[in-house]
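Participant: Residue numbers (this note's numbering), protein chains in the order written: chain A, 1 to 521; chain B, 522 to 1068.
Incorrect hints may have been included.
[As the list claims (entries may be wrong)] With a cut-off of at most 25 angstroms between alpha-carbon atoms, the simulated SDA-like pairs for lysine to any residue come out as follows:
hint: 1; chain 1: A; residue 1: LYS496; chain 2: B; residue 2: PRO569
hint: 2; chain 1: A; residue 1: LYS468; chain 2: A; residue 2: GLY119
hint: 3; chain 1: A; residue 1: LYS510; chain 2: B; residue 2: ALA697
hint: 4; chain 1: B; residue 1: LYS588; chain 2: B; residue 2: ASN629
hint: 5; chain 1: A; residue 1: LYS508; chain 2: B; residue 2: LYS1062
hint: 6; chain 1: A; residue 1: LYS508; chain 2: B; residue 2: PRO569
hint: 7; chain 1: B; residue 1: LYS1062; chain 2: A; residue 2: ARG19
hint: 8; chain 1: A; residue 1: LYS514; chain 2: B; residue 2: ASN629
hint: 9; chain 1: A; residue 1: LYS510; chain 2: A; residue 2: ARG493
Simulated from the structure, these hints should not be mistaken for lab results.
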Amino acid sequence: MTTGKGSLIFRPVFVQSGRGPHLLDWAYATDAAWDSFYSDIVATREGVTITDAGGREKFGINVRWNVEGFGYIFITADNGGEFYQLPSTGSRTLNLNFELAKSRVARNRRRLELHRQDGWNPSRELEGLIGLAEGYYRDAGGHFQESERCGALAQTSLLYGMRAGEMIELEHARHAIRRRGARKDFFAGCDARGYFQMDVELFLSRFTELFDYATITHYLISGVFEDFEPEEGKTQFDLRDALFRQLRSRNITVEGRPLWWSYKTTTPDWLRSKTYDGVRKYVEQHVRKVVGHYGEGMYAWEVVNEFHDWANECRLTPDQIIEVTRLACEVARDTAPRVKRLINNCAPFAEYVQLKKMTDLDATHPQRTPYQFVKQLAEAGVPFDITGIQMYFPYRDLADTIILIEKFRDIGRPIQLTEVGASAGPSEDSIKSGKLTISQEPYVWHRPWDEELQADWMEGLYTLAYSKPYIEAANWYDFVDPYSWIPNGGFLRSPKGEKRAIVDRFLKMKSEWKSLPRAAE
Amino acid sequence: MDRISRRSFLKQSALSAVALGTVPVAGRGGPLYVLPGRDLVFRPYPHPQMPAMAFAYLADEQEDPFKSSVRVDRDGIVVPRDIGSGKFSVNARWYVRDFGYVWLSADNGGRFYTSDDAVPDKILNLEFARSRVTRNASVRARYEKEGTVFSPEVIHLFDASEELFEDAAKRRQDPARCVALADRALAHALRAGERIELEKARSDIARRRRTDDVYFGCETRQYVWAKSEEFTKRFVELFNFATITHYVWDTWYPLFEPREGEYQWGIKDDIVRWLSHYDITIQGRPLFWFHPTVTPEWLKRKTFDEVKQYVERHAHALVSHYGEKIRQWEIVNEFHDWANIHNLSEAQITEIVRLACTAAREADPGVVRILNNCCPWAEYAARGRMARMDATRPLRSPRRFLQDLADAGVEYDVLGIQIYFPQRDLSDIARLLERLAAFGKPIYITEIGASSKLTAPAPSGAVNAPQEEPYAWHRHWDEELQADWLEQVYTLYYSKPYIKAINWYDFSDFRPFIVNGGLVREDASPKQSFHRLAALLNDWKMLPAKK
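Isolated chain A (complex conformation):
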C-alpha cells in the first residue's frame, strides 16, 4: 500500500530516568474523528514513522509513551487539534515529546473553554497545573532547535498537561453533579456471577450493600462458572432464575447478558461450525427462548457483545454482523417489547484495527471501531435502545476516557458503561499462583496498581459518568477475586468477603450523591 507521499517521523527524546520501556513497539493512527484506521505506522526507538495514511488526508498518531510521574500510557498527538498531513515528498521529522505536549496543551485549552460554558471555573490548583504545562510548552518551543532540551521541557509540559487534563474533567464533573443534583436515573451496578463463586448469603449481603443494578451473565460455556447452554438447546435456567428472584426481591434492577457473544472461550464448537443461515436460525430461537423466559422482568438485555469486529468466531462479514444484530434486536423487541435492548462493545479505542486482529483470529476484512459499528447500526435502523461501552482501564487517562465516551452521544441512545474494572495490584496469592505478578514495566497510571489506586480510578470514572446525564449506568466487572476478569479487580479480595478499599470509597461516593438535592426530572 502506498500513497506516493513522503514520510512523517516523530523522533522521541528519551528523558526518562527509569529502565523503561518508554515507548511501545507499535503505534496506531486515528482519523479526524479519533477513529483508528490501519496504516503502515511503525514505532521503534528511533522514532514513530508513517508513510501511508490509508488515504486519510489528516490524521493523528497514538503512542504508548512513558510520562514518569503520570504513567506509561497511550497518548494522541494530533498537531494541537489541527492533525498531521504527510509531506508530499521526502521526510519530515518532528519531536515526539513536543508534539505530544502540544496536543495535550491545546486540548486542555479546548476543554477548558467548553466546560467554562457551563459556569464552571478551574480551581487555583488546576490553574497552577495548567500554567506549568503552558509555561514549559512555551519554553520547549523556545528551544525547538535543540531537540534534547526541547524534548525535556516538552516532557515536563506533558506531565503537567496530563495531570491538568484529568483534573479539568473531574473538577468540571463535580461541578456539574453539584449543580444538577442527585440523579434518579443512574445505575451503579456490577455483574452478579459472584453468586456462583461464593457463599450465597454473603454474596447477597455484600452485593446489595453496594449496587442497585446487576447483570446476570448467560455465557453458553465459560469454563469458570455454570455453563448456560453447553449443548445446543439445553439451556440451564435454574440457578439464574434463583439469582434473578433474589436480586429482584431486593429491588435491584436486572439486566440479562449476552444473547449473542461469539468469543473464543464462550463459543461451543456446535455454534462455531454454523453457517450464516445456521447462525440466523439459532439467534432467532435463542433470543426468543431466553428473552421470553424472563419476560418483562428484565430491565434490559445485552443483545450482542463485542460484535464490532472483535468477537466473531463464526467469521461473519460486516454486513452479516449488522443483519444478525438486527434480527436479534427485532426478535427481542417482539418477545418483550418493554425490555430495553443494549449493544455492548469492547476495546473502545479500537487499537485492534491496527493489529488486524479479532481476538486471536486474523481479521479478514477492514475493521470497524465500536463507534463506527453502532453508528452503522443506528443508520441501518436496527432497533436498539442503549449503547454499551466496556471501559476496563483502557491504558488511557481519564480525560481521554470521557472524551471518547462523549463521541457516542450522537448515536442518540443512552450510554451504559457496561463493564468497567481496574486491578488492585498483585497480592501474595496472585504472585504465588502466577495470576498477577509484579510488573517489570513502568506503572501505567499514577503509580503501580494498589487498592487505593483501584479506588481512585473507580471514583474518577464513576464521577465522570454520574456527571453526564446521557450515561445511565456504570457496572463494575467483577465482584470477587480470584475470579475477576481483571486479575485482582474485584471489590472483594476473596470469597471470604474481605472488602477492598474500593468498597468504602464506592459507598462514600454514593452517599455524597444521595445527599444532594434531587435533580429536576
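Here the structure of chain A is known, so what remains is to put chain B in place on it, guided by the hints.
Facilitator: Chain B alone, transformed into the frame defined by chain A:
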C-alpha cells in the same frame, strides 16, 4: 494506650467533632469554644485507609521526643492539662493521600504548643498542614537567600499549599470542609518540601563542585554468602569505601568472638584482602554494640567494671590486629540509650564511650573514631523502650546523647547516623541533618536502605509488610521507587560538605537487613538502584577507577 479500630475511630472522632462544630464560634479564626482547664485535644480526621492510630508522642523544642502522659483515645490525641509548662510538638504517623504514610509533626507553625493553649480543641489535619506550610516558607526563604532559584513547580506547589491552608484555616467551624482543604494543603506542602530540598541540593552541587574526599560505601558482610564472583565484581564497580562487620555473636554469620578473647579473623581478613586489592578504604565496625541480639551470655553477665575491662582489651585487640589496613573504626553503635543490654546509666555510657575512644586512639594514634547512632528521630524515647527492653529511666535521643558527650568532653572524630528509610519525608531528613551538623563534626551516613518491593515473597524468607497498609512514600516500594529514594537522599547528602561518607547497607537481597533492600538481587544482577547510583557517581566524578 487504647488501641481502637480505624472504623470506630473514624466514626466516633469525626462525628463527635462535627457535632461540636455546631457550637457558636467566638469570632472568625478565634477559638471554637473555650473551656478553661480542659485537656488539649488534637482531633484527627484520618483517611479511611489509615490504620488505627495507636501511638502519638510529644517532642520538645529541640525535636527530642520525651515520654509523657499524652494518649490516643476516641477524641483523638489528648495532651493532659498537667503536662507541664514546657513547649512541645505533637507527632504521629499519618497517611497523606498522594504522598504516603509518614511521621508528621504538628509544632504550631514552629511556635510549639503549651498546655495552656487558648484553643484547646484542634483539628489535627489542620495543625499538620499549618506546620508544614510554615516550615516550607521559612526553609524556602532561607535557601533563596543562599542563592537557590526554585522552579515553577516548587512555586506552584508552595503557593497551592499556602492558599489551601489559608482557606482551611478560615473554615474551622466546618470541620468537613476544613479537613478536605487541609489535607490537600498538606499533600502539596509535603511535595513542595521535598522538591525544595532537592532543588537546593542540586543547585549547591552544581555551584560547589566537591574536591574533598567523599566516601561512597557499603557493608560487606554478605561476602560470606556470595554465590558467585559477580557479587565481588559488582561491588567494586561502585564503592571506594566499605565496612567490615565484627558482631561478637550472631545467628546468621560465623561467630566472631565465640568465647571471650578468642577471635575468628579468617573471613574478615579475606574481606580485607579483597577490598585492599581494589584500594577501597575500609572501616571496621563496630568495636562495641551492646544490642541484645549480638551480645553473648558471657558478655551480658558482666558488671560495669568488667565491661570497662573488656572494652579496653577488645578495642585494643581489634584495632591492633588490622594495623594500617583499617584506620577507621566505629567505636560504639546505637549506644544512645538504644542498644544497652547492661542497662547502664547515662554517666556510665559516657564513661564507656570515652574509654573506648581513648583505647582505640592508643592502639592506633591515627585512627578515625566514629560514633554510630540509629533511630535518629528517637521515637523510642517517647515509648520508653530500648532495644528489646523497657527503659528504667528517661531515654535520650541521639542528639541529646551527642550533646552529653560534648558536654563531658569526650573526644571522637566522626558523627555517624543511620538513616534507613525513616517513614519520613526528605524535609524531615534535611532538618535532622541541620540539627546534627550543629555539633561541628564530619558526618557519616553510616547505614542507609530502602526496599525494592515489600509485597513479593523474598526467596530468603524475609517477612513482608502487610499489603493492606497504605504505601509509606509516594507509592508501594518497587525497584524504580527504591532507585528514586536512593537518588534523592544521596543528592541531599552529597550536597552537604560536612557529610563525608554515605553507606548503603545491604548490597544484595540475600539475607538483607531491609527486605529486598539490596542494590543487586540474590543472583547479583543489578537493580535500578545500582544503575542509578552508578549514574549519580559518574555525574559527580566519584566512580572508583577501574582496576
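Participant: Compare the distance between the alpha carbons of LYS588 (chain B) and ASN629 (chain B) with 25 angstroms, and conclude whether the hinted pair is satisfied.
Facilitator: It holds: about 20 angstroms lies between the C-alpha atoms, which stays within 25 angstroms.
Participant: Can the restraint linking LYS510 (chain A) and ARG493 (chain A) be considered satisfied, given a maximum Cα separation of 25 angstroms?
Facilitator: 21 angstroms, holds
Participant: Decide if the proposed pair is consistent with the structure: LYS496 (chain A) and PRO569 (chain B), CA atoms, cutoff 25 angstroms inclusive.
Facilitator: Distance of about 21 angstroms is within 25 angstroms: holds.
Participant: Can the restraint linking LYS510 (chain A) and ALA697 (chain B) be considered satisfied, given a maximum Cα separation of 25 angstroms?
Facilitator: 17 angstroms, holds
Participant: Can you confirm whether the C-alpha distance between LYS508 (chain A) and LYS1062 (chain B) stays at or below 25 angstroms?
Facilitator: Violated, at roughly 53 angstroms.
Participant: Given the hinted pair LYS468 (chain A) and GLY119 (chain A), is their Cα-Cα distance within 25 angstroms?
Facilitator: Within the cut-off at roughly 15 angstroms; holds.
Participant: Between the alpha carbons of LYS514 (chain A) and ASN629 (chain B), is the straight-line distance 25 angstroms or under?
Facilitator: Roughly 38 angstroms between the alpha carbons, so the hint for LYS514 (chain A) and ASN629 (chain B) is violated.
Participant: Holds or violated: LYS508 (chain A) with PRO569 (chain B), Cα cutoff 25 angstroms?
Facilitator: Distance ~10 angstroms between LYS508 (chain A) and PRO569 (chain B) Cα, so the pair holds.
Participant: Given the hinted pair LYS1062 (chain B) and ARG19 (chain A), is their Cα-Cα distance within 25 angstroms?
Facilitator: 22 angstroms, holds
The structure fails hints 5, 8 (numbered hints given earlier, in ascending order).
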